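Colleague: Chains A and B, in that order, give the protein sequences. Quick note on numbering: the first sequence equals residues 0 to 250 in numbering that gives the first Met the number 0. Quick note on numbering: the second sequence equals residues 0 to 244 in numbering that gives the first Met the number 0.
Everything labelled a hint here was simulated from the structure, so no lab data went into it. No experiment lies behind these values; they were computed from the predicted model shown. Certain hints may be false.
Within a straight-line C-alpha distance of at most 20 Å, the following computed PhoX-like cross-link-like pairs (lysine-lysine) qualify [as the list claims (entries may be wrong)]:
{"#": "1", "chain 1": "A", "residue 1": "Lys70", "chain 2": "B", "residue 2": "Lys98"}
{"#": "2", "chain 1": "A", "residue 1": "Lys156", "chain 2": "A", "residue 2": "Lys44"}
{"#": "3", "chain 1": "A", "residue 1": "Lys122", "chain 2": "A", "residue 2": "Lys27"}
{"#": "4", "chain 1": "B", "residue 1": "Lys19", "chain 2": "A", "residue 2": "Lys77"}
{"#": "5", "chain 1": "A", "residue 1": "Lys27", "chain 2": "A", "residue 2": "Lys247"}
{"#": "6", "chain 1": "A", "residue 1": "Lys215", "chain 2": "A", "residue 2": "Lys244"}
{"#": "7", "chain 1": "B", "residue 1": "Lys19", "chain 2": "A", "residue 2": "Lys73"}
{"#": "8", "chain 1": "A", "residue 1": "Lys220", "chain 2": "A", "residue 2": "Lys27"}
{"#": "9", "chain 1": "A", "residue 1": "Lys244", "chain 2": "A", "residue 2": "Lys206"}
Taking beta-carbon pairs under 7 Å as the criterion, some of the chain A residues facing chain B (in silico) [stated by the list, open to error]:
{"#": "10", "residue": "Leu49"}
{"#": "11", "residue": "Lys77"}
{"#": "12", "residue": "Phe83"}
{"#": "13", "residue": "Gly85"}
{"#": "14", "residue": "Phe89"}
{"#": "15", "residue": "Pro101"}
{"#": "16", "residue": "Leu167"}
{"#": "17", "residue": "Pro169"}
{"#": "18", "residue": "Arg170"}
{"#": "19", "residue": "Lys247"}
{"#": "20", "residue": "Leu250"}
Even for Gly, the Cβ is constructed at its ideal location relative to N, Cα and C.
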Amino acid sequence: MIEIQNISKSFRNTQVLFDISTSFEEGKVNLIIGQSGSGKTVLLKSIVGLHEVDAGNIFFHGRNFTTMSFKERKEIRKEIGMVFQGGALFDSSTLEENVMFPLRMFANMSVEEARERANFCLKRVEVENRNNLYPAEISGGMQKRVAIARAIALNPKYLFCDEPNSGLDPRTAIVIDNLIKEIITEYNITCVVNTHDMNSVMEIGDKIVFIYQGKKWWEGKRDEIWETNNVELNDFVFASELYKKIRKSKL
Amino acid sequence: MNFFFNLGRYILLMRRVFSKPDDSREYFKAIGKEIVFIGYNSLLIVFVISFFIGAVITIQTAYNMTNPILPTYLVGLGTRDSMILEFSSTIVAIVLAGKVGSSIASQIGTMRVTEQIDALEIMGVNSASFLISPKIIASLCTFPILCLLSMVVGIFGGWIAGEFTGAVSSDQYIYGIQYMFIPYYMVYSVIKSVFFGVIITSISSYFGYFTTGGALEVGQSSTKAVVNSTLVVLLFNLILTSILL
Ligand SMILES: Nc1ncnc2c1ncn2[C@@H]1O[C@H](COP(=O)(O)OP(=O)(O)OP(=O)(O)O)[C@@H](O)[C@H]1O
Ligand SMILES: [Mg+2]
């Protein structure tokens with residue numbers, strides 16, 4: 000369970016986030032949706048403390064993250080896995096080393112144990128027999144999957160994914176969506192996913208938060224999207240002819 | 000203003016760099032990698048430029064010493080002192096600022112813009128310390144060695160050049176390089192090279208670490224790293240020389 004209260008964030012003179020409050024339950028897929036540039040990445044990075052918020056509070060299971068010291072935050076960070084928009088794999092390390100990295104750093108495991116766990120995670124995301132390749136040598140979809148493997152290596156309580164399926168073909172995108180869904184229900188993880196992919200919304204979204212120009216414009220369940228009168232949300236969700244048609248047939 | 004902003008941020012960064020490491024195993028591994036990267040991979044360029052500069056100094060000194068009263072062994076002495084006092088520390092450092100500095104800045108800068116540094120931070124790793132301190136430690140180990148090797152190779156280059164061009168005979172040269180030898184000059188040079196190593200790696204890391212934007216900015220950071228570390232090397236050369244000599 001993550002709760003955010005009245006978060007605001009600006010860079011120099013431009014305010015990006017305006018007074019956002021919401022909560023994310025565990026074992027559910029919480030989606031943050033919004034147009035490119037609406038502030039999704041900034042919101043996600045603010046929640047995990049990669050950006051310092053100007054105002055507001057963030058609670059990880061009741062623990063106030065915003066007022067914590069660097070040391071206390073470090074403890075929570077070990078419970079967090081994050082998949083970045085570009086994958087952010089360490090490009091001078093092999094895939095196996097990438098997944099082993101957090102284990103070697105924090106889990107007090109021997110090399111063998113860490114390797115075993117890394118292989119388990121790689122298998123979980125269906126990247127096998129590629130342990131000794133470098134990130135540049137595999138496809139974008141596979142990079143995303145390895146990034147997920149690295150994020151779940153330490154059995155995180157919280158998983159954040161920034162557009163895990165952007166730039167991927169529809170089939171691979173669905174594979175990744177389903178993978179995230181499975182993993183978080185399996186381990187009861189509190190998960191927040193940024194996306195502007197409507198397929199993800201319809202496939203895996205349990206709770207949806209719509210960000211518009213840095214403000215929380217709408218939130219609700221997936222099915223409620225079909226019936227909402229929120230103009231901006233409708234413009235965003237039903238931008239394509241396909242979704243317009245689907246809605247027509249639904250209503 | 001800009002200068003003070005950068006200086007302040009540099010000092011704050013260095014404070015994070017030298018805080019306690021999270022895991023010593025990973026650090027030792029990283030230091031090993033950096034020693035290869037900074038030291039071993041620079042051997043060839045240091046050898047080549049030292050050899051040729053040693054050779055050129057010998058030939059030029061010989062041709063400029065037209066006064067028959069001056070003994071030719073002074074050519075050896077000239078080459079030796081030029082190499083030891085200035086070339087092997089300062090000029091080698093400037094060359095390495097170009098080679099090592101630019102690659103450090105672009106490596107760390109790329110990690111910044113592709114969110115790899117964020118990925119480290121989110122795992123709870125002190126990214127500044129993890130990425131930068133192994134480089135600084137590796138430069139502490141490798142720069143003095145490169146400096147000493149450069150002296151040897153440069154003086155050797157002078158010997159070969161003197162021999163081949165007939166500018167100075169082998170006996171005279173070898174007598175010259177031993178004549179009035181002051182060991183402290185080598186100490187002075189090695190001390191300078193230690194400072195230069197730290198200057199180059201830390202300033203280049205700084206510019207890489209605070210890169211914002213994309214590939215274009217990584218290139219700009221790399222240029223800034225080379226220009227600024229070269230300037231600071233020259234400044235410290237002046238300061239250290241006035242203190243040490
Ligand atoms: N470090 C920063 N400094 C200044 N402005 C920033 C910074 N990061 C983001 N912004 C601004 O914040 C706004 C929101 O950016 P953000 O990256 O959160 O968008 P996004 O919703 O993730 O878009 P996309 O879907 O394209 O990833 C943008 O206008 C951007 O210019
Ligand atoms: Mg984004």
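Colleague: All hints are to be evaluated individually against the structure, with a verdict given for each.
Modeller: Checked hints:
1. A:Lys70 <-> B:Lys98: It is violated: about 37 Å lies between the C-alpha atoms, which goes past 20 Å.
2. A:Lys156 <-> A:Lys44: holds (17 Å)
3. A:Lys122 <-> A:Lys27: violated (23 Å)
4. B:Lys19 <-> A:Lys77: holds (18 Å)
5. A:Lys27 <-> A:Lys247: violated (28 Å)
6. A:Lys215 <-> A:Lys244: violated (27 Å)
7. B:Lys19 <-> A:Lys73: holds (14 Å)
8. A:Lys220 <-> A:Lys27: holds (11 Å)
9. A:Lys244 <-> A:Lys206: violated (23 Å)
10. Leu49: holds (5 Å)
11. Lys77: Check passed: Cβ of Lys77 (chain A) comes within 5 Å of chain B, closer than 7 Å.
12. Phe83: OK, holds: Phe83 (chain A) within 7 Å of chain B, min 4 Å.
13. Gly85: Since chain B brings a Cβ to about 6 Å from Gly85 (chain A), closer than 7 Å, the hint holds.
14. Phe89: holds (6 Å)
15. Pro101: Given a least distance of 5 Å, the restraint on Pro101 (chain A) holds.
16. Leu167: Violated. Min distance 18 Å.
17. Pro169: Given a least distance of 25 Å, the restraint on Pro169 (chain A) is violated.
18. Arg170: violated (26 Å)
19. Lys247: violated (40 Å)
20. Leu250: violated (41 Å)
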